[in-house]
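Visitor: Listed here are the chains, written in short residue letters.
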Amino acid sequence: MARLTHLQRLEAESIQIFREAVSESERPVMLYSVGKDSSVMLHLATKAFYPSKPPFPLLHVDTTWKFRAMYEFRDKLVADLGLDLLVYQNPECVERGINPFDHGSATHTDMWKTEGLKQALDLHRFDLAFGGARRDEEKSRAKERVFSIRSAQHRWDPKQQRPELWRLYNARTRAGESVRVFPLSNWTELDVWQYIHKEDIPIVPLYLATRRPVVERDGTLIMVDDERMPLRPGEVPRQRSVRFRTLGCYPLTGAVESSAATLPEVIQEMLLTTSSERQGRVIDHDSAGSMEKKKQEGYF
Amino acid sequence: MAHATSDLLASDVEAYLALHEQKSMLRFITCGSVDDGKSTLIGRLLYDSKLVFSDHLAALESDSKQVGTQGGELDFALLVDGLAAEREQGITIDVAYRFFSTEKRKFIVADTPGHEQYTRNMVTGGSTADLAVILVDARKGVLTQTRRHSFLVSLLGIRHVVLAVNKLDLVDYSQSVFDAIEADYRAFAAQIGLSDILAVPMSALRGDNITEPSPNTPWYTGPTLIGHLEAVEVADEAHTGPFRFPVQWVNRPNLDFRGFAGQVAGGSVRPGDAIRVLPSGQESTVARVVTAAGDLDEATAGQSVTLTLTDEVDVSRGDVLATAADPPGVADQFECHLVWMDTQPMLPGRPYLLKLGTRTVGATVAQPKYKVNVNTLEHTAARTLELNEIGVCNLNLDRQVPFDPYTANRDTGGFILIDRFTNATVAAGMLHFALRRADNIHWQAVEVDKQARARLKGQRPAVVWFTGLSGAGKSTIANLVEKRLYDQGFHTYLLDGDNVRHGLNKDLGFTEADRVENIRRIAEVARLMADAGLIVLTSFISPFRAERQLARDLLDDGEFIEVHVDTPLDVAETRDRKGLYAKARRGELANFTGIDSPYEAPEAPEIRLDASGTVPAEASAELVVDYLRHIGILAPPEGP
Chain A
1 MARLTHLQRL EAESIQIFRE AVSESERPVM LYSVGKDSSV MLHLATKAFY PSKPPFPLLH
61 VDTTWKFRAM YEFRDKLVAD LGLDLLVYQN PECVERGINP FDHGSATHTD MWKTEGLKQA
121 LDLHRFDLAF GGARRDEEKS RAKERVFSIR SAQHRWDPKQ QRPELWRLYN ARTRAGESVR
181 VFPLSNWTEL DVWQYIHKED IPIVPLYLAT RRPVVERDGT LIMVDDERMP LRPGEVPRQR
241 SVRFRTLGCY PLTGAVESSA ATLPEVIQEM LLTTSSERQG RVIDHDSAGS MEKKKQEGYF
Chain B
1 MAHATSDLLA SDVEAYLALH EQKSMLRFIT CGSVDDGKST LIGRLLYDSK LVFSDHLAAL
61 ESDSKQVGTQ GGELDFALLV DGLAAEREQG ITIDVAYRFF STEKRKFIVA DTPGHEQYTR
121 NMVTGGSTAD LAVILVDARK GVLTQTRRHS FLVSLLGIRH VVLAVNKLDL VDYSQSVFDA
181 IEADYRAFAA QIGLSDILAV PMSALRGDNI TEPSPNTPWY TGPTLIGHLE AVEVADEAHT
241 GPFRFPVQWV NRPNLDFRGF AGQVAGGSVR PGDAIRVLPS GQESTVARVV TAAGDLDEAT
301 AGQSVTLTLT DEVDVSRGDV LATAADPPGV ADQFECHLVW MDTQPMLPGR PYLLKLGTRT
361 VGATVAQPKY KVNVNTLEHT AARTLELNEI GVCNLNLDRQ VPFDPYTANR DTGGFILIDR
421 FTNATVAAGM LHFALRRADN IHWQAVEVDK QARARLKGQR PAVVWFTGLS GAGKSTIANL
481 VEKRLYDQGF HTYLLDGDNV RHGLNKDLGF TEADRVENIR RIAEVARLMA DAGLIVLTSF
541 ISPFRAERQL ARDLLDDGEF IEVHVDTPLD VAETRDRKGL YAKARRGELA NFTGIDSPYE
601 APEAPEIRLD ASGTVPAEAS AELVVDYLRH IGILAPPEGP
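Chains as they are written, first to last, in UniProt numbering: chain A, 1 to 300; chain B, 1 to 640.
In case anyone wonders, no lab produced these hints; they're calculated from the structure.
Hints may contain errors.
[Claimed, not checked] Stretch by stretch, here's where chain B covers chain A in the computed footprint (C-beta under 8 Å, at least three residues):
1. 166-179
2. 189-195
3. 223-229
4. 259-271
Computed from a predicted structure; not experimentally measured.
Glycine included, every Cβ here is placed at the ideal spot set by N, Cα and C.
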């Protein structure tokens, strides 16, 4: 009897998680961020329910500040797969024109993403939301459960997390509470890339290096993706060969210089260099333990 | 990273990827306290496999100077201490999962604290582990906590143990110290049934025998820690055992496909295999093993697939498909080990929910036969179990469930208990064997009233009163509602013409007086059943408002739910399957509602269902179930 490879075991576990979550909830939804982890998560969902389509909609909590390539990719993918996509933009942010330049990255992220997510979940009365977070991303996530209970205010209480044994997940909630489910909990960044390669999963081209207009700001390479980005005195966008390790709002996402234009080259470069994944995200730098604080406040 | 050292990565990344896609995986736990250097060991494993990135390393260097315990040298323990509160206390307080990989394997490490009060965390981390690394401080040898960890490892059925004799640098790498600790440990381990043990002399801090054989221990000829973890065969009993497949989800994309989705929990399955559905006992044959990547010739333990069968047998979530030649047992009373995980102690006789495989049922636990002192392994009498206590108890379930002893299969023999009120996971359990009926234990009497009866069933009593014209679809919808509630574990009874007219009311005819008496009796029976804690569904034309009001008045506020199955007369008449409308039209049937007897539609029903034919019965049933959930019927009443 053939022993399963690590990718086969991870895949089987994620599929099992999807099916348990759907069976034990009334109104599930998948949070779709257009990034590579979302791509893998969607691929696994498709496998879990084949030949049916995934029995839940996708929800994109949009900030209007994502890379243009992300919107194009999202719309094409959803059309190709015939999936049900909900896009939510916090109306208060739309009205006040919240942006990272005038309001700062913390306010921008908090209002568009944290508040937007809560509003969207409340609006549709979703009782379970799939997210693509992995335990290896950050130290505070190493202890996150696969099924994580959130209060009616969407808060995460590290003291109220349920023990998870074997493959038995407890998704029971009281009125107003909801569950976040992380099917990729046990995947590492390398597993994700290997799986994308092995399964030939479509990803946003921003992950591959090409020449893009960037400015260097506070030690981070920021791509000038559209005309909304105000340039500081002396800043001139230059064409440099860059790629992105994570994708978010373009003004808050640092690029890395790279010549890796194919997926194997990206993996090769990743393994030969040593900078951890979330470093490219400006929001993590705000303060020590910031991810943990955000999580308690309801950020995914 | 370790891979980065590979020449293959630099020269031929495609070949490198092909190789690494074939790696296997090992899950293990580390047991020991901070003092044993456990966090240091894990930090070292991550560091030596070059999985520590430069930005983390910079943070580590600055943290080591600020709060490190190694006099400014790198303090690897700081790499793995997660939550801010713990960092301040300098201890880990929960289960954390760490990941690293080598050329041969990917590893998932459950990092579990060794403090006495955290048995819960070790049992959690160990439940998914293939192997345990038990740390011992070479200066202290086998301690009480070493015995405790080893007992839990044995209880969880983890067969492979590495005894990591750490801090050997502090005893001058003495072979005699190492040999004495190993002999001491083996003597103890034999008593609790652990036999596959490798003892490794090491220093996590200095890196001795972690990845490279240490020049400091020339007398040691065994493998390094990593060498052993890469090579150890953890042939899972589940692979060689009989086929087991708890059904997670029924996949019905269209009328031509009915598949059963799940993860193989034991053995393997091929098309053509004879299977039995448990607990019903029906038999069938596997037609296809379906995956998104195409049908398989065989699926083995651990794989998530979808099975189709050659016959139309009734299978739903919670059932187990198993080899017909060696099916699991089916029972509702068991002896088990229970590890209590909640701050609220176990209450004998209190109704909990039990989740085993994909099935959730009601369960009560008897007073423990004894509890186990995890330090001395002594059995002592107990009336209850407190947080982190382990006992042997009898279990009583409200339904029969398929099961295997935990020692034969973790997935079909391991369960959790859930508190019905807080929804917390309060215990983990391991089934031993089913009890014979003769072994039944007697339960304590409690104050029994309507609330108590309903609480035992995890619901609130209600009478869902379907009313509407003949042919409106009342019974169809009521049946669907009952099936859905039953599937979710609720206690129901459906009163309809079939079970009432032929018995209780067989003396009644169809005059107006008899029809009123018919409804009165039904209302009284429904009231008694609600008093028993049931969710009662009634399906009768019940044309008169006054009688429905009578039924409503018999019940407490909020218990009576009137459902008007609303159909225009002409539509109902076209569905005249029994030919009753035709007879009535011909004058052969007197007092027929809608023809020569009035139907008084409800003025303010709790639910009005559009049954004109545009809404499928399934959707209507769903509406009713949603409503019941919304108003709190599908949750136990408040109270003790």
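Visitor: Determine for every hint whether it applies to the structure shown.
Guide: For each hint, the structure was consulted:
1. Remark: the segment 166-179 of chain A is confirmed as covered by chain B, as 7 of its residues place a Cβ nearer than 8 Å to a Cβ of that chain, reaching the required three.
2. Counting residues of the segment 189-195 of chain A whose beta carbon lies closer than 8 Å to any beta carbon of chain B gives 3, which meets the minimum of three for the stated coverage.
3. Counting residues of the segment 223-229 of chain A whose CB lies closer than 8 Å to any CB of chain B gives 0, which falls below the minimum of 3, so the coverage claim is violated.
4. Counting residues of the segment 259-271 of chain A whose beta-carbon sits less than 8 Å from any beta-carbon of chain B gives 5, enough to reach three: the coverage restraint holds.
Checked against the numbered hints above, the structure violates only hint 3.
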